[in-house]
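Just so you know, the sequences run in chain order F and X.
My numbering numbers the first residue of the first sequence as 1 and each following residue consecutively.
My numbering numbers the first residue of the second sequence as 1 and each following residue consecutively.
What the hints contain is simulated information worked out from the structure, not anything from laboratory work.
In this text, a Cβ means the ideal position worked out from N, Cα and C, and glycines have one as well.
One should not assume that every hint holds.
Pairs of lysine-lysine, DSS-like flavour, derived with a Cα cap of 25 Å [claimed, not checked]:
#  : chain 1 : residue 1 : chain 2 : residue 2
1  : F       : Lys107    : F       : Lys160
2  : F       : Lys160    : F       : Lys199
3  : X       : Lys82     : X       : Lys107
4  : F       : Lys82     : X       : Lys293
5  : F       : Lys82     : F       : Lys107
6  : F       : Lys51     : X       : Lys224
7  : F       : Lys160    : F       : Lys224
8  : X       : Lys323    : F       : Lys293
9  : X       : Lys82     : F       : Lys323
10 : F       : Lys12     : F       : Lys51
11 : X       : Lys82     : X       : Lys160
12 : F       : Lys82     : X       : Lys323
13 : X       : Lys12     : X       : Lys51
14 : F       : Lys199    : F       : Lys224
15 : X       : Lys82     : X       : Lys51
A few chain F residues facing chain X, derived, Cβ under 10 Å [stated by the list, open to error]:
#  : residue
16 : Thr38
17 : Asn85
18 : Pro239
This is what each chain is made of:
Number of protein chains: 2
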Amino acid sequence: MAIRYEFIKACKQTGARLGRVHTPHGVIDTPTFMPVGTQATVKGMSPEELKTLGAQIILSNTYHLFLRPGHELVEQAGGLHKFMNWDRPILTDSGGFQVFSLSEMRKITEEGVQFRSHINGDRLSLTPESATHVQNALGADIMMAFDECPPYPAEYEYVKQSTQRTSRWAERCLQAHRRPHDQALFAIVQGGMHADLRKQSALDLTSLDFPGYAMGGLSVGEPKHMMYEMLEETVPLLPSDKPRYLMGVGSPDALIEGSIRGVDMFDCVLPTRIARNGALMTSQGRLVVRNAKYASDFGPLDPECDCYACRNYSRAYIRHLIKADEMFGLRLTTVHNLHFLVNLMANVREAIREDRLGDFRDQFFEAYGMAGNESGF
Amino acid sequence: MAIRYEFIKACKQTGARLGRVHTPHGVIDTPTFMPVGTQATVKGMSPEELKTLGAQIILSNTYHLFLRPGHELVEQAGGLHKFMNWDRPILTDSGGFQVFSLSEMRKITEEGVQFRSHINGDRLSLTPESATHVQNALGADIMMAFDECPPYPAEYEYVKQSTQRTSRWAERCLQAHRRPHDQALFAIVQGGMHADLRKQSALDLTSLDFPGYAMGGLSVGEPKHMMYEMLEETVPLLPSDKPRYLMGVGSPDALIEGSIRGVDMFDCVLPTRIARNGALMTSQGRLVVRNAKYASDFGPLDPECDCYACRNYSRAYIRHLIKADEMFGLRLTTVHNLHFLVNLMANVREAIREDRLGDFRDQFFEAYGMAGNESGF
Numbered sequence: 001m002a003i004r005y006e007f008i009k010a011c012k013q014t015g016a017r018l019g020r021v022h023t024p025h026g027v028i029d030t031p032t033f034m035p036v037g038t039q040a041t042v043k044g045m046s047p048e049e050l051k052t053l054g055a056q057i058i059l060s061n062t063y064h065l066f067l068r069p070g071h072e073l074v075e076q077a078g079g080l081h082k083f084m085n086w087d088r089p090i091l092t093d094s095g096g097f098q099v100f101s102l103s104e105m106r107k108i109t110e111e112g113v114q115f116r117s118h119i120n121g122d123r124l125s126l127t128p129e130s131a132t133h134v135q136n137a138l139g140a141d142i143m144m145a146f147d148e149c150p151p152y153p154a155e156y157e158y159v160k161q162s163t164q165r166t167s168r169w170a171e172r173c174l175q176a177h178r179r180p181h182d183q184a185l186f187a188i189v190q191g192g193m194h195a196d197l198r199k200q201s202a203l204d205l206t207s208l209d210f211p212g213y214a215m216g217g218l219s220v221g222e223p224k225h226m227m228y229e230m231l232e233e234t235v236p237l238l239p240s241d242k243p244r245y246l247m248g249v250g251s252p253d254a255l256i257e258g259s260i261r262g263v264d265m266f267d268c269v270l271p272t273r274i275a276r277n278g279a280l281m282t283s284q285g286r287l288v289v290r291n292a293k294y295a296s297d298f299g300p301l302d303p304e305c306d307c308y309a310c311r312n313y314s315r316a317y318i319r320h321l322i323k324a325d326e327m328f329g330l331r332l333t334t335v336h337n338l339h340f341l342v343n344l345m346a347n348v349r350e351a352i353r354e355d356r357l358g359d360f361r362d363q364f365f366e367a368y369g370m371a372g373n374e375s376g377f
Numbered sequence: 001m002a003i004r005y006e007f008i009k010a011c012k013q014t015g016a017r018l019g020r021v022h023t024p025h026g027v028i029d030t031p032t033f034m035p036v037g038t039q040a041t042v043k044g045m046s047p048e049e050l051k052t053l054g055a056q057i058i059l060s061n062t063y064h065l066f067l068r069p070g071h072e073l074v075e076q077a078g079g080l081h082k083f084m085n086w087d088r089p090i091l092t093d094s095g096g097f098q099v100f101s102l103s104e105m106r107k108i109t110e111e112g113v114q115f116r117s118h119i120n121g122d123r124l125s126l127t128p129e130s131a132t133h134v135q136n137a138l139g140a141d142i143m144m145a146f147d148e149c150p151p152y153p154a155e156y157e158y159v160k161q162s163t164q165r166t167s168r169w170a171e172r173c174l175q176a177h178r179r180p181h182d183q184a185l186f187a188i189v190q191g192g193m194h195a196d197l198r199k200q201s202a203l204d205l206t207s208l209d210f211p212g213y214a215m216g217g218l219s220v221g222e223p224k225h226m227m228y229e230m231l232e233e234t235v236p237l238l239p240s241d242k243p244r245y246l247m248g249v250g251s252p253d254a255l256i257e258g259s260i261r262g263v264d265m266f267d268c269v270l271p272t273r274i275a276r277n278g279a280l281m282t283s284q285g286r287l288v289v290r291n292a293k294y295a296s297d298f299g300p301l302d303p304e305c306d307c308y309a310c311r312n313y314s315r316a317y318i319r320h321l322i323k324a325d326e327m328f329g330l331r332l333t334t335v336h337n338l339h340f341l342v343n344l345m346a347n348v349r350e351a352i353r354e355d356r357l358g359d360f361r362d363q364f365f366e367a368y369g370m371a372g373n374e375s376g377f
């Protein structure tokens, strides 16, 4: 097997679990947050900066790399790790979510999906087999089975057909996988907001013995309590000796609540995307540094933070850079937000180790200034 | 005096001089190239990256900082060094060049210049006194006297009047200067492409005993041989115990030819601006990494370079980043071009020390693939 999940302990207060995922490119402490490097780069960041802020694994997008520069080129370069100079673990997604959210004129059949590139309009297709082979060429430590992520809301009958097809596709991905010894293929549980479909999806996929399981199709516009209900229905059906990955989730409250419900891995573009708009995650909650009130504020973005941006620059300087459209401003806000989430997960792990994740959640939510458990993102 | 020029030796082959400028924020080895940080940041770079590639001094633009975020704010922050987290020397220009090249509806009188901000159309003015006070607030180690940079070509009579006014303005700057003990005010020799006006300007200004002298109004569209002639007319009239600064020049050939003619300091946006278009300065000449022929070229930008970009990334990867509009691509090309020029000047200094700058020039020009001494930039 390419990867191995090591269970360390469960939090006595919440049931959240502390563990490690051993991969060909090193160990990931879980629960963990994975920064997103869509086009073989985490926007604005160097690999060294990601390491300095504590990132142990990054995610890259199969759909984007398939379109540009092409998986054959990345393979020729020696694989994604070498191409982008990142020697720690990488996870590539399946391309499914982006085909459905970004491409044009898509047509879904049992065989796969035909679509037009959002870059140049080229007619392209991805099937369970080709998406798997693309990911084999990219060479990530963890790859994802090709799936359909149904929209929210969607008709029950549509979600049912789609979820069953995703399970059939997962089996084809497993068959097509060329490098099971150094790349771990995870399956994706779908089922929309329907507990019975989620359960059926989990049962179908766990019968196939994947080295890890993801939950997809969540955080797509539904209220958060609904996402948490779906987690509560699904996680108990997943094997306890495999990692569990909640896709596309990155708000601070959902990372904590997800961990409490037994999730080990998370990813999201949220911290990097909002950083580019000058919005920061801080220990006191959301801060929009573009605002005029920070023009002559010479304190750090977050007084409790020790990231590179907070140690060396003021809100006034970062606001100036962002108002003046300077790249370095986006670097600083991105460093800060990624550090915030990576450090949050380190704190979550420490709280699990000390059986006090429930207390940690309550204190964090109070300081973060949230009504209930919404983080304002 | 805020700064001191230390002469080390002259190259026996060319007459170029090796020296050091001692400033309140450290020593600058000369001849030197100064990266430009227009808006209190060298586009895309961190201060640590600039230090790693060997930059000893950077330039920032008075006009831009006057408009945004305002010199009072920078002063409140503790000065430009602290604001931007750069503890090595800084030079601020006078604002003159930008007032004439960027602002709108400008009106020049003996008093100064009235203009409209290119950002928001505000009516503003700069005079010799206010430009000096703005620079006092910014707090750079070296500041420049407010000047007019006449266009090229221009009528002799216009250039004559303008140059004489610039000399009168220089005297007013000297009078207005509030911090002569920790900020050195340089005068700017003008005179267009007219040897007699350059001479008169040099004589007028040197009679006022500034701690350093710049040559402005060159590299504004004239053929390079004309710029070199103007240097040959002007430099011998400048005091040998003060630094000499050629403004706005940054092509590799002109840095070498300028050094040979006795120049100590240079600045230019060229390396950072062309980097953002994917154009590189390399030991084999100009390389446009966007070009399709580099799509699967897994070699470094410049095989003879040991900068961060060349040590870790391929032409194929950097081309991918630039084609995909990724910030990190611009960081890598910027690092490379700045390293190239900073390292070129280190090589120039070494060649002066060893009395072989003429040989170095010939070898460099041959490798760089230039017709005559033009670098293609």
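Consistency of the hints with the structure:
1. Lys107/F <-> Lys160/F: Given pair Lys107/F, Lys160/F holds - Cα atoms ~18 Å apart, limit 25 Å.
2. Lys160/F <-> Lys199/F: 11 Å, holds
3. Lys82/X <-> Lys107/X: Violated, at about 34 Å.
4. Lys82/F <-> Lys293/X: 21 Å, holds
5. Lys82/F <-> Lys107/F: Since the Cα atoms of Lys82/F and Lys107/F sit roughly 34 Å apart, the hinted pair is violated (cutoff 25 Å).
6. Lys51/F <-> Lys224/X: 47 Å, violated
7. Lys160/F <-> Lys224/F: 22 Å, holds
8. Lys323/X <-> Lys293/F: 37 Å, violated
9. Lys82/X <-> Lys323/F: 19 Å, holds
10. Lys12/F <-> Lys51/F: Since the Cα atoms of Lys12/F and Lys51/F sit roughly 31 Å apart, the hinted pair is violated (cutoff 25 Å).
11. Lys82/X <-> Lys160/X: Since the Cα atoms of Lys82/X and Lys160/X sit roughly 40 Å apart, the hinted pair is violated (cutoff 25 Å).
12. Lys82/F <-> Lys323/X: 19 Å, holds
13. Lys12/X <-> Lys51/X: Violated, at about 31 Å.
14. Lys199/F <-> Lys224/F: Since the Cα atoms of Lys199/F and Lys224/F sit roughly 19 Å apart, the hinted pair holds (cutoff 25 Å).
15. Lys82/X <-> Lys51/X: Judged against 25 Å, a Cα distance of about 16 Å means the pair holds.
16. Thr38: 9 Å, holds
17. Asn85: Interface hint status for Asn85/F: holds (5 Å vs cutoff 10 Å).
18. Pro239: 38 Å, violated
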